[in-house]
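I would like the entire structure built from these sequences, with the hints used as guidance.
Take the numbering used here: the final residue in the sequence shown is number 1137, and no numbers are missing along the way.
Hints may contain errors.
Simulated restraints, written as ranges between beta carbons of each label pair [what the hints assert, rightly or not]:
(1) Ala1036 / Ser1078: 27 to 33 Å
(2) Glu1110 / Ser1029: 19 to 25 Å
(3) Gly1032 / Lys1097: 18 to 24 Å
(4) Pro1063 / Ser1124: 27 to 33 Å
(5) Ala1062 / Gln1103: 16 to 22 Å
(6) Glu1068 / Ser1106: 17 to 23 Å
(7) Val1122 / Gln1035: 37 to 43 Å
(8) Pro1079 / Phe1051: 19 to 25 Å
(9) Ile1050 / Ser1106: 34 to 40 Å
(10) Arg1041 / Ala1062: 36 to 42 Å
(11) Gln1066 / Asn1095: 28 to 34 Å
(12) Gly1076 / Leu1033: 16 to 22 Å
Calculated from the structure, these hints are not laboratory results.
Since the model is a prediction, treat every value here as computed from it, not as a measurement.
Ideal Cβ placement from N, Cα and C applies to all residues, glycine included.
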Amino acid sequence: QVQLVESGGGLVQAGGSLRLSCAASGIIFGFDVMGWYRQAPGKQRELVATITTGGSPNYADSVKGRFTISRSNVKNTVYLQMDSLKPEDTAVYYCNAILVESDYWGQGTQVTVSS
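As structure tokens, then:
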């Protein structure tokens, strides 16, 4: 059974940094794509960043230049380094992983940025 477990969320002041981690278990081969999504209160879940097995990243325009996604294929772990955080980055952040046609989600971790 595949499980994704996020960690690293918390409360930070505007301009600060946080690093999220998502560790996957229950899989033998690596995921095709891993990434992060977020959902703010009253809003739909949105893409933050994704990264392929080969390390090619893709970012939402709102986080380009501030967030950096990376992954360890050996550890089946994806990271999100978030710098220059803004209050509008406040949301629950979800880890996502895709293998062939299967889509997996973590339970989410809260990120709160105070002004």
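Outcome of the hint check:
1. Ala1036 / Ser1078: 27 to 33 Å: holds, 30 Å
2. Glu1110 / Ser1029: 19 to 25 Å: holds, 23 Å
3. Gly1032 / Lys1097: 18 to 24 Å: holds, 22 Å
4. Pro1063 / Ser1124: 27 to 33 Å: With Cβ atoms ~29 Å apart, the hint holds.
5. Ala1062 / Gln1103: 16 to 22 Å: holds, 20 Å
6. Glu1068 / Ser1106: 17 to 23 Å: holds, 19 Å
7. Val1122 / Gln1035: 37 to 43 Å: Given about 41 Å between the Cβ atoms, the range holds.
8. Pro1079 / Phe1051: 19 to 25 Å: holds, 21 Å
9. Ile1050 / Ser1106: 34 to 40 Å: holds, 38 Å
10. Arg1041 / Ala1062: 36 to 42 Å: Given about 20 Å between the Cβ atoms, the range is violated.
11. Gln1066 / Asn1095: 28 to 34 Å: At roughly 30 Å between Cβ atoms, Asn1095 and Gln1066 fall inside 28 to 34 Å, so the hint holds.
12. Gly1076 / Leu1033: 16 to 22 Å: violated, 35 Å
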